[in-house]
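Take 1 as the starting number for the sequence shown in our numbering and just add one per residue.
Hint data in this document are derived by calculation from the structure and do not stem from the laboratory. Note that beta-carbon positions come from the ideal geometry of N, C-alpha and C, so glycine has one too. One or more hints might be untrue.
What the hints assert, rightly or not - No more than 25 Å apart at the CA atoms, straight line, and that leaves these computed lysine-lysine pairs for PhoX-like:
| id | residue 1 | residue 2 |
| --- | --- | --- |
| 1 | LYS284 | LYS242 |
| 2 | LYS268 | LYS222 |
| 3 | LYS259 | LYS292 |
| 4 | LYS683 | LYS588 |
| 5 | LYS291 | LYS222 |
| 6 | LYS259 | LYS284 |
| 7 | LYS303 | LYS242 |
| 8 | LYS99 | LYS222 |
| 9 | LYS303 | LYS259 |
| 10 | LYS395 | LYS452 |
| 11 | LYS259 | LYS222 |
| 12 | LYS242 | LYS268 |
| 13 | LYS72 | LYS27 |
| 14 | LYS291 | LYS259 |
| 15 | LYS292 | LYS268 |
| 16 | LYS222 | LYS242 |
| 17 | LYS27 | LYS40 |
| 18 | LYS259 | LYS242 |
| 19 | LYS284 | LYS268 |
| 20 | LYS99 | LYS72 |
| 21 | LYS164 | LYS222 |
| 22 | LYS291 | LYS268 |
Said to hold, decoys possible - Ranges between beta-carbon positions, derived for each pair:
| id | residue 1 | residue 2 | range |
| --- | --- | --- | --- |
| 23 | ARG374 | ASP272 | 39 to 49 Å |
| 24 | GLU184 | THR275 | 28 to 38 Å |
| 25 | ILE125 | THR76 | 50 to 60 Å |
| 26 | ARG473 | ASN365 | 54 to 64 Å |
| 27 | SER483 | VAL432 | 50 to 60 Å |
| 28 | ASP272 | ALA390 | 51 to 61 Å |
| 29 | ILE568 | TYR475 | 52 to 62 Å |
| 30 | ILE548 | GLN494 | 29 to 39 Å |
| 31 | ASP272 | GLU184 | 31 to 41 Å |
| 32 | LEU359 | GLU244 | 40 to 50 Å |
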Amino acid sequence: RVKRGWVWNQFFVVEEYTGTEPLYVGKIHSDSDEGDGSIKYTISGEGAGTIFLIDEITGDIHATERLDREQKTFYTLRAQARDRQTDQLLEPESEFIIKVQDINDSEPRFLEGPYIGSVAELSPIGTSVMQVMASDADDPTYGSSARVVYSVLEGEQHFTVDSKTGVIRTAVADLDRETQDRYEVVIRATDMAGQLGGLSGSTTVTIVVTDVNDNPPRFPQKMYQFSIVETAPVGTAIGRVKAEDSDVGENTDMTYQVKDEEGVEMFKVTTDSNTQEAVITVQKPLDYESKKVHTVVVEALNKFVDPRFVDLGTFRDQTIVRVSVLDVDEPPEFRPPSNLMEVQEDAHVGSVVGVVTALDPDTANHPVRYAIDRSTDAERIFDIDAKTGAIVTGKVLDRETAGWHNITVLAMEADNHSQVSRASLRIRILDVNDNPPELATPYEAAVCEDAKPGQLIQTISVVDRDEPQTGHRFYFTLAPEASNNHHFSLLDIQDNTAAVHTQRVGFNRQEQDVYLLPILVVDSGPPALSSTGTLTIRICGCDSNGAIQSCNSTAYMVSATLSPGALIALLVCILILVVLVLLILTLKRHHKSHLTSEDDEDMRDNVIKYNDEGGGEQDTEAYDMSALRSLYDFSEIKGGDGGGGPGEGGPGRNPASELHALPQWVQSPDLDFSVFRDYICRKVEQADEDLSVPPYDSFQTYAFEGSDSPVPSLSSINTWSSGSGQDFSYLGGWGPR
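Start from the sequences and build out the full structure, keeping to the hints where you can.
Here it is as structure tokens:
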């Protein structure tokens with residue numbers, strides 16, 4: 001039995017079909033088809049029913065739409081053959097492909113643009129600049145539709161392109177950036193290998209010519225002129241010059257230098273790194289009177305030189321700079337500039353120390369006047385002659401007080417004091433022997449009672465404020481007032497020291513426990529000066545080993561006088577003790593007054609309790625009630641001319657007063673305490689409003705007995721008697737009305 005199967009040819013469809021009728025693609029057929037129409041053909045898959053239609057009876061397939069291979073190169077479909085009556089598959093479903101056949105419908109395109117390349121100027125012919133590539137969407141495996149070749153449309157005078165690779169190269173060797181720094185080159189790409197009918201595309205390539213150092217620096221001018229005043233300080237900028245360079249970038253970096261010897265000495269040239277200018281500055285002080293015009297040769301040269309272009313010439317240039325010095329009115333100048341003078345300290349007032357000289361450097365040569373800056377010589381120790389410049393002493397000098405003096409001398413033009421020069425002058429005071437030598441310290445020595453002759457007691461040294469150039473030399477001897485001394489001896493050791501030794505066997509503290517030994521010290525001069533110092537020697541009790549045990553303090557003078565230094569020291573000690581005592585007493589008194597003031601401020605009312613009933617109302621002699629009642633004020637509760645009891649200060653306050661018979665009073669049957677309550681409330685309100693009341697609780701006692709007595713007045717002035725026989729003379733003892 002022969003197996004049935006599908007029968008069809010390979011299917012292709014041409015892209016970009018432009019006909020009006022559907023395009024026949026092919027035919028599918030089953031070998032079981034006998035042509036009677038009993039088999040129904042159908043397709044499914046990509047484009048089935050839309051792009052591709054099939055005749056169900058014949059199996060013919062047509063394309064109804066325009067296809068583009070660049071969008072889709074093939075379509076995959078499935079074919080089915082079914083019985084028209086039963087709709088059952090007669091053949092297994094089979095997959096087939098419809099390929100889209102390419103035509104040359106896409107031109108080459110440069111997809112990586114815009115293109116920008118660069119090449120150094122003066123590059124040799126054939127130097128590679130860059131590569132361009134075009135892409136063609138046609139099928140590279142079918143025909144020559146995708147074969148691209150390159151050519152130059154514009155710029156072929158300077159550049160070429162490789163037709164196969166697209167590499168752009170230089171066509172000349174004299175590209176000059178300074179002439180033209182960029183080129184626009186048009187490159188064309190053509191498919192079909194460049195054959196007639198091929199499609200093409202183009203792009204513009206920008207080629208930048210980069211710089212090389214092929215141009216030397218050049219000064220625009222061969223001479224520059226500047227001017228500057230002669231008083232310009234060192235470092236002042238005179239002017240700027242600049243050499244031009246056609247190159248760019250670091251190829252324009254240059255340095256400047258002075259080429260002539262005169263210019264090197266007087267001027268300095270530096271390069272401004274930002275502007276590449278030469279800055280000419282003053283290196284030495286200028287002087288119009290010495291030279292009015294200076295000529296400087298300035299050279300410019302490239303900092304980075306390309307050895308490939310050395311044969312093009314020297315990469316440097318020179319120019320001349322003329323500097324004119326302008327004259328100004330300058331202050332006087334000190335000549336010579338010596339700043340040290342010397343003078344003896346015993347020079348008399350008005351002695352000449354030295355002479356300073358200053359001259360006007362200007363052509364006019366104005367006269368000069370001198371002065372001393374008194375801020376440097378406030379004590380006016382020195383003076384100066386305004387015309388001659390002679391410096392003289394103005395006061396007595398003392399090297400021991402001030403060995404050096406630093407003063408400032410002013411020199412100014414006589415007719416223009418604003419032109420002032422200053423010079424520092426150091427004056428050294430030379431020493432003369434005007435201070436006697438003195439003992440280095442108030443020496444005190446101790447010697448045992450059982451000392452032996454020749455025993456060393458003390459070594460003496462001296463000080464002298466003078467400083468002779470040959471050094472000190474002192475001589476020692478006992479003072480004339482100690483010529484009768486047989487107890488001690490003095491030995492000059494010849495090294496500016498002396499030694500004191502005992503001269504007798506043993507001493508007796510009971511007879512004399514202190515010896516004052518005057519010593520005469522003489523220097524070497526000239527002139528020789530001397531002074532007398534005192535060595536205090538105490539006689540002490542010692543043990544068997546010679547260790548001092550005790551010394552008495554009573555002094556017996558070998559010399560009848562006490563030295564002035566000792567007297568001054570004694571007076572100072574006494575004065576210090578007196579001041580300390582006064583200070584202690586003042587502090588104690590201040591402390592006591594402070595405590596008293598604090599006690600005075602602590603005022604409180606006190607409650608005093610007496611466990612004594614007294615003698616009753618009739619007892620007016622036991623206590624003096626006025627001392628208590630005087631502490632209180634009853635003025636605000638007294639009223640009328642009637643008064644009650646002791647609150648009015650009635651009789652009985654003076655023990656010497658005479659008591660007279662008083663009328664009887666009747667006790668009120670009803671007692672009213674409201675008056676007391678009101679009185680206490682008022683006192684409480686007053687205490688609350690008084691800011692001076694102490695902030696602590698206190699007990700207040702008020703000597704208040706109430707309002708007027710309900711009985712008639714006790715005074716005998718108001719009497720029911722109509723008689724006039726009473727004696728009122730005793731009223732004078734009651735005080736003012």
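Right, here's what the structure says about each hint:
1. Proximity of LYS284 to LYS242 is assessed by CA-CA distance (about 23 Å); at most 25 Å being required, the pair is judged to hold.
2. The hinted pair formed by LYS268 and LYS222 meets the criterion: a straight-line CA distance of about 19 Å does not exceed 25 Å.
3. For the suggested pair LYS259 and LYS292, the alpha carbons sit about 20 Å apart, so the restraint of at most 25 Å is met.
4. Taken as a hint, the LYS683 and LYS588 pair is broken in the structure, with Cα atoms around 42 Å apart against an allowance of 25 Å.
5. Under the criterion of a C-alpha separation no larger than 25 Å, the hint pairing LYS291 with LYS222 is consistent with the structure, at around 23 Å.
6. A distance of roughly 17 Å separates the Cα atoms of LYS259 and LYS284; the hinted pair therefore holds under the 25 Å criterion.
7. At roughly 14 Å between alpha-carbon atoms, LYS303 and LYS242 fall within 25 Å of each other, so this suggested pair holds.
8. Restraint check for LYS99 and LYS222: the C-alpha separation of about 82 Å exceeds 25 Å, so the hint is violated.
9. Simply put, LYS303 and LYS259 have alpha-carbon atoms about 17 Å apart, close enough for the 25 Å limit, and the pair holds.
10. Proximity of LYS395 to LYS452 is assessed by CA-CA distance (about 56 Å); at most 25 Å being required, the pair is judged violated.
11. Between LYS259 and LYS222 the CA atoms are separated by roughly 15 Å; this keeps the pair inside 25 Å, and the hint holds.
12. Distance restraint check for LYS242 and LYS268: the Cα-Cα separation of roughly 15 Å lies within the 25 Å cut-off, and the hinted pair is therefore satisfied.
13. About 22 Å separates the Cα atoms of LYS72 and LYS27, which keeps this hinted pair within 25 Å; it holds.
14. A distance of roughly 20 Å separates the Cα atoms of LYS291 and LYS259; the hinted pair therefore holds under the 25 Å criterion.
15. Taken as a hint, the LYS292 and LYS268 pair is honoured in the structure, with Cα atoms around 18 Å apart against an allowance of 25 Å.
16. Taken as a hint, the LYS222 and LYS242 pair is honoured in the structure, with Cα atoms around 11 Å apart against an allowance of 25 Å.
17. Simply put, LYS27 and LYS40 have alpha-carbon atoms about 13 Å apart, close enough for the 25 Å limit, and the pair holds.
18. For the hint pairing LYS259 with LYS242, the CA-to-CA distance comes to about 16 Å; that is within 25 Å, so the pair holds.
19. Among the hinted pairs, LYS284 with LYS268 is consistent with the structure: their alpha-carbon atoms are about 9 Å apart, no more than 25 Å.
20. For the suggested pair LYS99 and LYS72, the alpha carbons sit about 9 Å apart, so the restraint of at most 25 Å is met.
21. Proximity of LYS164 to LYS222 is assessed by CA-CA distance (about 56 Å); at most 25 Å being required, the pair is judged violated.
22. Proposed proximity of LYS291 and LYS268 is supported: the alpha carbons are some 18 Å apart, at most 25 Å.
23. For ARG374 paired with ASP272, a C-beta distance near 47 Å keeps the hint of 39 to 49 Å intact.
24. Look at GLU184 against THR275: about 34 Å separates their beta carbons, and that is inside 28 to 38 Å.
25. The beta-carbon spacing between ILE125 and THR76, approximately 56 Å, falls within the hinted interval of 50 to 60 Å.
26. At about 55 Å, the beta-carbon gap between ARG473 and ASN365 stays in the expected band of 54 to 64 Å.
27. The given range of 50 to 60 Å is broken by SER483 and VAL432, whose C-beta atoms sit roughly 32 Å from each other.
28. Range check, ASP272 to ALA390: Cβ separation about 52 Å, and the 51 to 61 Å hint holds.
29. Take ILE568 and TYR475: their Cβ atoms lie about 27 Å apart, and the range 52 to 62 Å is violated.
30. Look at ILE548 against GLN494: about 31 Å separates their beta carbons, and that is inside 29 to 39 Å.
31. For ASP272 paired with GLU184, a C-beta distance near 37 Å keeps the hint of 31 to 41 Å intact.
32. At roughly 48 Å, the beta carbons of LEU359 and GLU244 sit within the given window of 40 to 50 Å.
The structure is inconsistent with the numbered hints 4, 8, 10, 21, 27 and 29, although it conforms to all the rest.
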